[in-house]
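Line by line, the protein sequences are chains A and R.
Heads up: take any position in the first sequence, counting from 1, add 7, and you land on my numbering.
Heads up: take any position in the second sequence, counting from 1, add 17, and you land on my numbering.
Since the hints were derived computationally from the structure, they do not count as laboratory data.
This one's a predicted model, so the numbers in the text were calculated from it and none came from an experiment.
Every residue, glycine too, gets a C-beta built ideally from N, C-alpha and C.
Among the clues, some could well be false.
Partial chain R-side listing against chain A, Cβ under 7 Å, derived [what the hints assert, rightly or not]:
hint	residue
1	173
2	283
3	286
4	297
Computed list of chain A residues with no C-beta within reach of chain R, every gap over 12 Å [said to hold, decoys possible]:
hint	residue
5	125
6	216
7	231
Computed list of chain A residues with no C-beta within reach of chain R, every gap over 10 Å [claimed, not checked]:
hint	residue
8	25
9	100
10	121
11	235
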Amino acid sequence: MASAEPLRRVPPTEHGGFGRTVVYEREVLRHGVGTRVVHWLVAITFVLALVSGFAMFSPWLYMWLAPLFGGGPLTRLLHPWFGIAFLIAMVFLLRNWRDVMRWGADDRRWLRRLRSYVTNEEKVEPEYVGKFNAGQKIWFWTMVISGVVFLVTGILLWLPGAFGRTAAWISYFFHDLAALVMLGGFIIHIYEGTAAMPGTFRSMVRGTVTEEWAWTHHPGWYRETTGRDPAADRAAAEREQGPGA
Amino acid sequence: MFDEKTLQIRSISAHPGGAIPGKGAQRTLEVCKLMDTTTCIGCKACEVACVEWNDLPFETTTFDNTYQTMPDPRWNFWQLMRFNEVQRTDDGSLFALKPGEEQTGTLMWIFRKDQCMHCADPGCLRACPADGAIVQYENGIVDFQQDNCIGCQLCVSGCPFNIPKFNQTTKKVYKCTLCSDRVGQGLEPACIKACPTGCLQFGTKEEMKHIAENRAQQLREHYGFSKAGVWDPESVNGTHVIYVLHDVTQPELYGGLPAKPRIPVVYTAWKYFLKPLGLATTILGVLGVVFHYVSYGPKRPQPEPPQKEEIRGQR
Numbered sequence: 008m009a010s011a012e013p014l015r016r017v018p019p020t021e022h023g024g025f026g027r028t029v030v031y032e033r034e035v036l037r038h039g040v041g042t043r044v045v046h047w048l049v050a051i052t053f054v055l056a057l058v059s060g061f062a063m064f065s066p067w068l069y070m071w072l073a074p075l076f077g078g079g080p081l082t083r084l085l086h087p088w089f090g091i092a093f094l095i096a097m098v099f100l101l102r103n104w105r106d107v108m109r110w111g112a113d114d115r116r117w118l119r120r121l122r123s124y125v126t127n128e129e130k131v132e133p134e135y136v137g138k139f140n141a142g143q144k145i146w147f148w149t150m151v152i153s154g155v156v157f158l159v160t161g162i163l164l165w166l167p168g169a170f171g172r173t174a175a176w177i178s179y180f181f182h183d184l185a186a187l188v189m190l191g192g193f194i195i196h197i198y199e200g201t202a203a204m205p206g207t208f209r210s211m212v213r214g215t216v217t218e219e220w221a222w223t224h225h226p227g228w229y230r231e232t233t234g235r236d237p238a239a240d241r242a243a244a245e246r247e248q249g250p251g252a
Numbered sequence: 018m019f020d021e022k023t024l025q026i027r028s029i030s031a032h033p034g035g036a037i038p039g040k041g042a043q044r045t046l047e048v049c050k051l052m053d054t055t056t057c058i059g060c061k062a063c064e065v066a067c068v069e070w071n072d073l074p075f076e077t078t079t080f081d082n083t084y085q086t087m088p089d090p091r092w093n094f095w096q097l098m099r100f101n102e103v104q105r106t107d108d109g110s111l112f113a114l115k116p117g118e119e120q121t122g123t124l125m126w127i128f129r130k131d132q133c134m135h136c137a138d139p140g141c142l143r144a145c146p147a148d149g150a151i152v153q154y155e156n157g158i159v160d161f162q163q164d165n166c167i168g169c170q171l172c173v174s175g176c177p178f179n180i181p182k183f184n185q186t187t188k189k190v191y192k193c194t195l196c197s198d199r200v201g202q203g204l205e206p207a208c209i210k211a212c213p214t215g216c217l218q219f220g221t222k223e224e225m226k227h228i229a230e231n232r233a234q235q236l237r238e239h240y241g242f243s244k245a246g247v248w249d250p251e252s253v254n255g256t257h258v259i260y261v262l263h264d265v266t267q268p269e270l271y272g273g274l275p276a277k278p279r280i281p282v283v284y285t286a287w288k289y290f291l292k293p294l295g296l297a298t299t300i301l302g303v304l305g306v307v308f309h310y311v312s313y314g315p316k317r318p319q320p321e322p323p324q325k326e327e328i329r330g331q332r
């Protein structure tokens, strides 16, 4: 089975020689160092902005969350800067994934079978699912659109002296709304990336997934990167596993 | 700051659930400032008294060819006399005097003392996200507690009168306290004490309302101001600063006094109803993924170990 010896090193081409990704036998590279670093920068700044923001979102959360940042005034002072950091990280993520996240006819097809996806009716994803499925693309573009909403409304809320009271209370509504949508998506994102799909989390920390993971969840992408047939490889693996399957 | 025995708290900003200390423990009368705009002489003694009593640092003022000290109140200047020139018809109706237009009525120079109105339903308190940064006392005074203020300035956008002012250095918001420190000790506010004509009066809301209505009636019946009346807007459930106006149908002429001040709807419907609902829905999302895992389980990479049995539905 898997050899302990690293067989293939991925040349660190992205972001000029920073970091290292080791791909072992029977594994596929999913996220390079650059992608991973940017993802975690987005994640950390997002959580900081989210938690500090929700301190001010509701009186019911204020007493719980404001002390995490050193009290109300400091929470209010830091929140916009967390937001700015998040948006800067998002710009890099957008640059990184803009093309691969492009919406297409296959994504509409995928959405029509959302119900069977959620209830695990089918164990293997359809052939047309590429590097990211429609759900992941929706989350990505929700982040991008919300980011723009946060930026515009955030600045209006940050400097009410310059933009006026009406702008502030209208922004208050849309800033909140975007936060609720993001929180909802965030919960699903964490679940799908960890418990719901074993073998996914490692792709965002060490960069690789197993071949089994790849042909099961993203067969189109498996074909693209390895040049092999996902269904045939899976059938071969089933035969190898022996009868009873 | 104040004697807790005399200033009972009615509501606290962003204070979730639970009892508000002292609420309803004692009987308290609502207080009120009354300004009779028809007897004011524009001497600004109230402005000076306010700055002096509250020990506010004074800054250079702007001169823009009026008697008005500055265009708007500041964080360190809580009450401002507004000077306006208007016209009057023979029946005492007021209308605007526009520059460049010919004067058709009788010229009138009117004064209004502008400060926090201490609304019964305060928009600032509704908008505030910081627990205890704004309190409303049983006597109707709305008071900012700078110790708890986080400097977000949402109160500025919640106020229909553009009263709270932000201090860039301390990152806190300030406004008229209705001299809660004096009132708590049984004294009248500093501005009232300084007024030489008696156009400013202080007492219970009921009493002030009574005096104001009487004065308005007098103006209507004996002074030819057929539209004289009392400004005490219903849209914020009344205020604890009320005015006798020459023409109650034209409050805007008195330096932009709104006829129907309104709290932005996001600070009522959205903040107190839809937001908690939205948050509860998101919490359901957490429960959703937990129970999804429990009832449907993970998607495992294929092939997985051979299945022995698959049980569908509840059993």
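Going down the list of hints, with the structure as the test:
no.: 1; hint: 173; in the structure: holds (5 Å)
no.: 2; hint: 283; in the structure: holds (5 Å)
no.: 3; hint: 286; in the structure: violated (10 Å)
no.: 4; hint: 297; in the structure: violated (10 Å)
no.: 5; hint: 125; in the structure: violated (7 Å)
no.: 6; hint: 216; in the structure: violated (8 Å)
no.: 7; hint: 231; in the structure: holds (18 Å)
no.: 8; hint: 25; in the structure: holds (30 Å)
no.: 9; hint: 100; in the structure: holds (23 Å)
no.: 10; hint: 121; in the structure: holds (13 Å)
no.: 11; hint: 235; in the structure: holds (15 Å)
Hints 3, 4, 5, 6 from the earlier list are contradicted by this structure; the remaining hints agree with it.
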